[in-house]
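For this one, chain A is given, so just place chain B with the ligands on it according to the hints.
Take a look at the letters that make up each chain.
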Amino acid sequence: FTKRKLDAATLDELEDVLLQADLGMDTTSAIVETLRRDRFNRDISGEDVRAVLSDEVGKALTPVARPLVIDTAHKPFVILMVGVNGSGKTTTIGKLAQKFAAEGRTVMLAAGDTFRAAAIEQLEIWGRRTGAPVVAKPAGSDASGLAFDAVTRARAEGKDVLIIDTAGRLQNRDELMSELEKIIRVIRKVDPTAPHAVLLTLDATTGQNALNQVEIFGKRAGVTGLVMTKLDGTARGGILVAIARRFGLPVHFIGVGEGVDDLQPFQASDFAAAIAGKEQ
Amino acid sequence: MFESLSDRLGKIFDGLRGRGALSENDVNEALREVRRALIEADVSLEVVRAFVEQVRERAVGVEVTRSVTPGQQVVKIVHDELVRVLGETAVPLDTATTPPATILMVGLQGSGKTTTTAKIAKRLKDKQNKKVLMASLDTRRPAAMEQLRVLGTQIGVDTLPIVPSETPVQIARRAAREGKLGGYDVLMLDTAGRTHIDEELMAETAEIKAVSDPHEVLLVADALTGQDAINLARSFDQRVDITGIVLTRVDGDGRGGAALSMRAATGKPIKLIATGEKMDALEDFHPGRIADRILGM
Ligand SMILES: Nc1nc2c(ncn2[C@@H]2O[C@H](COP(=O)(O)OP(=O)(O)OP(=O)(O)O)[C@@H](O)[C@H]2O)c(=O)[nH]1
Ligand SMILES: Nc1nc2c(ncn2[C@@H]2O[C@H](COP(=O)(O)OP(=O)(O)OP(=O)(O)O)[C@@H](O)[C@H]2O)c(=O)[nH]1
Ligand SMILES: [K+]
Ligand SMILES: [Mg+2]
Ligand SMILES: [Mg+2]
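Which chain is which? The protein sequence lines are A and B, in order.
Residues 1 to 280 in this note's numbering are what the first sequence spells out, letter by letter.
Residues 1 to 297 in this note's numbering are what the second sequence spells out, letter by letter.
The shape of chain A in the complex, shown without the other chains:
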C-alpha cells in the first residue's frame, strides 16, 4: 500500500463522502474540522483514509448504539411505534414480533392505524406470520380507543409485550400529533407507566428532514429510541450522525429488507464504516 498524507484535497474528498451520505453541512464540517486539526498532513500509515473517517463518524454513533431492553417488571411491556408515512412502522412491528417470539416472549399486536386503507389487514398478516394475536377494530375507529382496549386485553391475557401500530403522520401536522398525544394519554389510563418504549422509525433515504422528525416526534410523543429502516438500498442514512450529535437518542435497530428477519441490532462501527465507504 501507499502511504498517504491527509492533505487538503483528501479532506475535500472526505467532505464529499459525508455530504453524499446525508450527514448535512454542519455535521460534515465538524467532522472534517476534527480530522484537519488532529491528523492534517500526517501520514496515514497502514491505514486507509476511509478508516480514519470511519473512526471519526463512529465516535458520534457509539454512545447511541444501545439495545432495546424489555423490562419484565412491566407486563405487558408496551411499545408504541410512531413515524412519518411509509417509513416502515408496520413492517418493523412484524420483525420485532418475530424477534420477541424467538426470545420466548408472548407478543400481542394492536392495529392502531385505523386510517390508512388496508393497514389493519397488513398488520393482521404480520400477526399470522409471527403467531402474534392482533387486536383490531373496524377501519375508521378511534385509534386511542383501540389502544385502550389493546392494553387492557394484553394485561388480562398476561402478554409479555404489546406493540401498538399507529398511522403514519408528518410531524408538521399539528392535529395528527395531538392525536398521538391522546393515544398516549389514553394508554396511561390503563397503565400509568406505559408506553414503556416509543420507537420512531426513520427511513434511511430521508435527508435533512429527519432532524425535524426526531425533534417533533420527540417532543410530542416522547420518543425513547430510533429504528432506521431501508438500509438495504443505496442510502447511507448519515442523518443519523447529525441526530446522534443533536439528540443523543438511542438507536436500537436497523431494517435491511422487507422480510421478517431483516432487522439487525444497530452497530455503530459497521454503520460508520458503511458511511465512510470502507470495505469491511
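Just to be clear, a hint being listed does not mean it is correct.
As the list claims (entries may be wrong) - DEER-style ranges, computed between Cβ atoms:
1) A:T193 - B:D213: 52 to 60 Å
2) B:K127 - A:R105: 21 to 29 Å
3) B:I197 - A:A101: 24 to 32 Å
4) A:A51 - B:P164: 48 to 56 Å
5) A:P265 - B:I197: 19 to 27 Å
6) A:D261 - B:M297: 41 to 49 Å
Think of the hints as simulated: they come from the structure by calculation, not from any bench.
No residue lacks a Cβ here, since even glycine has one placed at the ideal position from N, Cα and C.
Same frame as chain A, but now just chain B with the ligands:
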C-alpha cells in the same frame, strides 16, 4: 431552523451596494453560501456542483444596481436558474393514445405509489371523465392489493379482481386484456416498491413494462428524500425510461431538494405533486413554488 440564503448573502454583501459589477470574488463568496443552502435543502451534491457553475456564469459581471442589494440580486439569479432547471413549462399527464392509455407506477418502498395511483385515477375520472381501471401488481407487500381495492371502492374506480398466486407479469397481461375488453380509457398499474439495486425486481419492472407497453411510466418519489434521490432517479430511468416524476409528501416541511436532483439527473419532468393522504391531495407542479422552498423563502 435555517438561516435563509437571502439573510446570509445579505451579510456577505453588506456595504457592497452600488459598487459596480459583481466581481469574481464576490460571486465566489456568494456561491459558497448557495452551495451550503442547496445541500441543506437535500439537493444531491453532484447536482449542486453543476448548478453552482451555471449560476456562476450568469452572476459574474452582473451590474449591482442601486435599487436592489447584491444579495437579492444573487438570490434572484439562483431562483431563476432553479426554475429553469426544474422545468419552466408544465408537462401534463398524457393519456392521448389508443385506449386504454396505460400508466405504470414505479418507485422505492413506501414512496406513495398505491396512494398516488388512486389519486390520479380519481382525478382522471372526475376532471376528464375517463373510465379508469386500476390493477395492483404488488404480490409482495402484505395487503397491498387489498389497499388498492379499498381505495378503488372509496373513489368509485374499478380495480382488477384479485387472483391469488399470479405473478406480477401475469397480472399485467390480464389487466391489459381487461382494459381493452372492458372499454377502459386508462389503465393504472401499481407495482410493489423496490430498491433500485435489487437486480431481480428491477428486471421484473422491465418485464412488466415490456408486456404492458405503458404510455406513461411515473416514478413516485418522496419529497423528503436526501442525497439518494439522484441515484434512485437515474437507476429507474435507465432501467425503464420513465416519462415523468410524481413528488409525494410535499405537505411535509422538507425543503424538497430531491426535486432538483431527480429532474437534473433524468431530464424528465415533474408532472404532479402529492400533498397529503386524502384522495384529492394531488396538484400540478409549479417550479416557482419548489424553488422558493429549496431556498427557504
Ligand atoms: N427495502 C426495505 N423495505 C422496507 C424496510 N422496512 C419496510 N420496508 C417497506 O417499506 C414499505 C412501507 O413499510 P410499512 O411498514 O408499511 O411502513 P409504515 O410506516 O407502516 O407505513 P404507513 O403505515 O403507511 O405510514 C413497505 O413496502 C415495506 O415492505 C426495509 O428495511 N427495507
Ligand atoms: N402526508 C402524505 N402522506 C402520503 C402522501 N402520499 C402517500 N402518503 C402516505 O404514505 C404512506 C405510504 O403510501 P403508499 O401509497 O402505501 O406507498 P407505496 O409506495 O405504495 O408503498 P409500498 O407499496 O409499500 O412500496 C401511506 O401512509 C400513505 O397514506 C402524501 O403526499 N403526503
Ligand atoms: K421515503
Ligand atoms: Mg403502517
Ligand atoms: Mg404500494
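Checked hints:
Restraint check, A:T193 to B:D213: a C-beta distance of roughly 59 Å satisfies the suggested window 52 to 60 Å. Under the hint 21 to 29 Å, the C-beta atoms of B:K127 and A:R105, about 52 Å apart, miss the expected range. The hinted window of 24 to 32 Å between B:I197 and A:A101 holds, with their beta carbons roughly 31 Å apart. For the pair A:A51 and B:P164, the supplied restraint of 48 to 56 Å holds, since their beta-carbon distance comes to about 50 Å.
A:P265 and B:I197 have their C-beta atoms about 23 Å apart, which keeps the hinted 19 to 27 Å range intact. For A:D261 and B:M297, the Cβ-Cβ distance of about 46 Å falls inside the hinted range of 41 to 49 Å, so the restraint holds.
Comparing the model with each earlier hint shows a violation of hint 2 alone; every other hint is respected.
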